[in-house]
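Given the sequences, and given the hints that come with them, work out the whole structure.
In order, the protein sequences belong to chains A and B. Heads up: the first sequence is residues 1 to 250, going by the numbering used here. Heads up: the second sequence is residues 1 to 313, going by the numbering used here.
There could be a bad hint or two in this list.
Below, simulated DSS-like cross-link-like pairs (lysine-lysine); rule was C-alpha separation at most 27 Å, straight line [as the list claims (entries may be wrong)]: (1) 198(A) <-> 104(A); (2) 244(A) <-> 199(B); (3) 311(B) <-> 246(A); (4) 274(B) <-> 284(B); (5) 199(B) <-> 246(A); (6) 229(A) <-> 3(A); (7) 33(A) <-> 311(B); (8) 196(A) <-> 33(A); (9) 199(B) <-> 33(A); (10) 146(A) <-> 185(B); (11) 194(A) <-> 3(A); (12) 199(B) <-> 229(A); (13) 244(A) <-> 185(B); (14) 185(B) <-> 229(A); (15) 146(A) <-> 188(A); (16) 188(A) <-> 33(A); (17) 246(A) <-> 229(A); (18) 198(A) <-> 51(A); (19) 104(A) <-> 197(A); (20) 246(A) <-> 274(B); (21) 246(A) <-> 185(B); (22) 274(B) <-> 229(A); (23) 274(B) <-> 21(A); (24) 244(A) <-> 3(A); (25) 33(A) <-> 246(A); (26) 51(A) <-> 188(A); (27) 51(A) <-> 194(A); (28) 146(A) <-> 274(B).
In case anyone wonders, no lab produced these hints; they're calculated from the structure.
Here is what each chain is made of, one letter per residue.
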Amino acid sequence: MDKILVGLKRVVDYNVRIRVKSDGSGVVTDGVKMSINPFDEIALEEALRIKERGDASEVIAISIGSSDCQQQLRTGLAMGADRAILIETSQEIEPLAAAGILLKIIDKEQPDIVLLGKQAIDDDNNQTGQMLAALWERPQATFASKIEISEGTASVTREVDAGLEVINVDLPAVITTDLRLNEPRYVKLPDIMKAKKKPLEVINADELGIDISPQFTAVSHEAPAEREKGIIVDDVDALIAALKDKDLLG
Amino acid sequence: MSKVLIIAEHDGTNLNQSTARCLSCAQPLDASGADVVVLASQCTAIAEQAAGLSGVARVITVERAENEHAVAAIIAPQIVALASDYDYVLAPSTTFGKDLTPRVAALMGVGQVSDIMSVEGPRQFKRPIYAGNAVVLVEVPEGQTIVATVRVASFRPVAAGGQATITAADISVDLPAHTRFVELKSGDSGDRPDLQTAKVVLSGWRGLGSEENFGILYQLADRMNAAVGASRAAVDAGYVPNEMQVGQTGKIIAPDLYMAFGISGAIQHLTGIKDAGTIVAINKDGEAPIFEIADIGLVGDLFDVIPELEKRL
Ligand SMILES: Cc1cc2nc3c(=O)[nH]c(=O)nc-3n(C[C@H](O)[C@H](O)[C@H](O)COP(=O)(O)OP(=O)(O)OC[C@H]3O[C@@H](n4cnc5c(N)ncnc54)[C@H](O)[C@@H]3O)c2cc1C
Ligand SMILES: Nc1ncnc2c1ncn2[C@@H]1O[C@H](COP(=O)(O)O)[C@@H](O)[C@H]1O
Numbered sequence: 001m002d003k004i005l006v007g008l009k010r011v012v013d014y015n016v017r018i019r020v021k022s023d024g025s026g027v028v029t030d031g032v033k034m035s036i037n038p039f040d041e042i043a044l045e046e047a048l049r050i051k052e053r054g055d056a057s058e059v060i061a062i063s064i065g066s067s068d069c070q071q072q073l074r075t076g077l078a079m080g081a082d083r084a085i086l087i088e089t090s091q092e093i094e095p096l097a098a099a100g101i102l103l104k105i106i107d108k109e110q111p112d113i114v115l116l117g118k119q120a121i122d123d124d125n126n127q128t129g130q131m132l133a134a135l136w137e138r139p140q141a142t143f144a145s146k147i148e149i150s151e152g153t154a155s156v157t158r159e160v161d162a163g164l165e166v167i168n169v170d171l172p173a174v175i176t177t178d179l180r181l182n183e184p185r186y187v188k189l190p191d192i193m194k195a196k197k198k199p200l201e202v203i204n205a206d207e208l209g210i211d212i213s214p215q216f217t218a219v220s221h222e223a224p225a226e227r228e229k230g231i232i233v234d235d236v237d238a239l240i241a242a243l244k245d246k247d248l249l250g
Numbered sequence: 001m002s003k004v005l006i007i008a009e010h011d012g013t014n015l016n017q018s019t020a021r022c023l024s025c026a027q028p029l030d031a032s033g034a035d036v037v038v039l040a041s042q043c044t045a046i047a048e049q050a051a052g053l054s055g056v057a058r059v060i061t062v063e064r065a066e067n068e069h070a071v072a073a074i075i076a077p078q079i080v081a082l083a084s085d086y087d088y089v090l091a092p093s094t095t096f097g098k099d100l101t102p103r104v105a106a107l108m109g110v111g112q113v114s115d116i117m118s119v120e121g122p123r124q125f126k127r128p129i130y131a132g133n134a135v136v137l138v139e140v141p142e143g144q145t146i147v148a149t150v151r152v153a154s155f156r157p158v159a160a161g162g163q164a165t166i167t168a169a170d171i172s173v174d175l176p177a178h179t180r181f182v183e184l185k186s187g188d189s190g191d192r193p194d195l196q197t198a199k200v201v202l203s204g205w206r207g208l209g210s211e212e213n214f215g216i217l218y219q220l221a222d223r224m225n226a227a228v229g230a231s232r233a234a235v236d237a238g239y240v241p242n243e244m245q246v247g248q249t250g251k252i253i254a255p256d257l258y259m260a261f262g263i264s265g266a267i268q269h270l271t272g273i274k275d276a277g278t279i280v281a282i283n284k285d286g287e288a289p290i291f292e293i294a295d296i297g298l299v300g301d302l303f304d305v306i307p308e309l310e311k312r313l
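Pasting the structure below:
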């Protein structure tokens, strides 16, 4: 029966107001709330539902990053993952490197489905799943809003610009999640206690024997350009006048 | 030899405007023009549209039955077969480009620059991160092909007026059979303009209360020849289809006029509209964050304002 590998990236919580460091070297992450990337929470929820439907036997959560990622993995275990793997590194991990690392773990674990988020909300790259599928030479089904597993294939509904696209892929495959796939469950206190006993394996990234050093240089960071302060109008008349003034009413 | 290869986006018949926007991003990279590659089951009409854009050096067509639908696993190896002749491979940062381009990059063994918002040098680009709360300047090292997606809202489409030659490429690579297109279900947007190319966009919230209530927004949109967008809240509630979502994880748009009716202005939404010419916000809560970035704000109830606007325009 199917084994599912789920990526859980530790990111700045989506509610945090991001500030760029004054020296432009990055954004302020000291002391801010960190969470599981929201799309990865959706990925884990979906893996758990697939297992609960009887289409999978084991759900493995994996995170790449510092030892702090253990927090997010523990949350994943409390949600219901069977075990967790931390690939520990202090390096900045670009998507191609993340894909390379995931491929190494795939070699070892032989999952039938790899579920990742469509994008990490820190770097907003939207690359890792597609890159992994390429390196693994397997299908990709990105931006999933519905997944149905049957007889070694997955039918995936994808959220695309033109609407909803359905594709059918052979397993094993990489699937990346979109917002409408599901609503992740809340973690209950007893589950947090239980999760402490679940296995969490730590592997040093250096032991994988692949080059994960960044290709790109982040030269500098800046705050986005601000829009000029606008006006408040009192009623629809004034609104129409203001729009006419800007020649926006055709 | 041209240096830039742009992967054309199309629906099988028509070229998507995102391609003309990629051409505009490519201009500073090679003043002599870019090559545009069209992969389709029937290329002629699309290729002719591409050839008519300014800034195109050459249109390359790859006509195969397998290219009827843009399946990334099938398109990517064909792009890779062409890419070795180029310094840059660009595609739009639409769901088409986002799905395909990283697969191309990984097959080539290089990283990808996502969502180029400006070209700062031959190997330096600005791109948004953290839902547009920060902008990073990234540099790609010498000696590797630059594979990137272009944030289409940041670039104006190039004008018509080109007369590029069209050549057919014969690419013999094995294509996988593990991925099958089944169907595309489009939401019904009537005859309304496309969200990503419309000059005027009206957006609404789930506070409209129901799918039917969205009707009053559609009526106003039709009066104004506008496209209709929505916040995630409205899509999640099921009032409108997913392709109407605007924001960090939906569509990034840059109309001349954007009117938000009852949208709070969460950062994930704002990042999708920041490039609009004029932003108008109508919200009954005077403290709503949308007013911080609106050019024109009106504190009021959308159930009063929308019908009144419709009457007066
Ligand atoms: C990972 C992630 C990705 C996301 N991506 C996106 C995205 O791409 N796009 C997006 O939009 N959101 C996105 N969101 C969601 C975002 O954070 C907000 O929750 C969402 O934008 C809120 O939508 P809203 O403003 O329509 O609804 P609400 O926050 O509920 O606000 C409704 C507003 O309507 C006003 N209102 C209510 N009734 C009336 C009335 N009768 N007349 C006038 N005004 C009225 C209220 O005052 C309020 O300001 C994302 C969130 C996450 C976590
Ligand atoms: N460091 C990481 N640890 C675990 N999963 C990751 C990591 N980086 C990327 N991923 C996965 O890849 C997805 C897309 O990330 P990205 O390509 O960076 O936008 C994320 O939603 C995760 O599922």
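Each hint, compared with the structure:
1. 198(A) <-> 104(A): holds (23 Å)
2. 244(A) <-> 199(B): Within the cut-off at roughly 15 Å; holds.
3. 311(B) <-> 246(A): holds (20 Å)
4. 274(B) <-> 284(B): holds (22 Å)
5. 199(B) <-> 246(A): holds (14 Å)
6. 229(A) <-> 3(A): Roughly 53 Å separates the two Cα atoms, so the pair is violated.
7. 33(A) <-> 311(B): Roughly 48 Å separates the two Cα atoms, so the pair is violated.
8. 196(A) <-> 33(A): Distance ~21 Å between residue 196(A) and residue 33(A) Cα, so the pair holds.
9. 199(B) <-> 33(A): violated (39 Å)
10. 146(A) <-> 185(B): Roughly 13 Å separates the two Cα atoms, so the pair holds.
11. 194(A) <-> 3(A): Holds, because 21 Å separates the two Cα atoms, which is no more than 27 Å.
12. 199(B) <-> 229(A): It holds: about 22 Å lies between the C-alpha atoms, which stays within 27 Å.
13. 244(A) <-> 185(B): violated (38 Å)
14. 185(B) <-> 229(A): Answer violated: residue 185(B) to residue 229(A) is near 41 Å, above 27 Å.
15. 146(A) <-> 188(A): Cα-Cα ~26 Å, so holds.
16. 188(A) <-> 33(A): holds (20 Å)
17. 246(A) <-> 229(A): Judged against 27 Å, a Cα distance of about 16 Å means the pair holds.
18. 198(A) <-> 51(A): holds (17 Å)
19. 104(A) <-> 197(A): holds (26 Å)
20. 246(A) <-> 274(B): Given pair residue 246(A), residue 274(B) holds - Cα atoms ~18 Å apart, limit 27 Å.
21. 246(A) <-> 185(B): violated (38 Å)
22. 274(B) <-> 229(A): holds (13 Å)
23. 274(B) <-> 21(A): holds (22 Å)
24. 244(A) <-> 3(A): violated (61 Å)
25. 33(A) <-> 246(A): Answer violated: residue 33(A) to residue 246(A) is near 42 Å, above 27 Å.
26. 51(A) <-> 188(A): Answer holds: residue 51(A) to residue 188(A) is near 19 Å, not above 27 Å.
27. 51(A) <-> 194(A): Measuring from Cα to Cα gives roughly 19 Å; hence the hint holds.
28. 146(A) <-> 274(B): violated (31 Å)
Taken one by one, the earlier hints fail for this structure at numbers 6, 7, 9, 13, 14, 21, 24, 25, 28, listed in ascending order.
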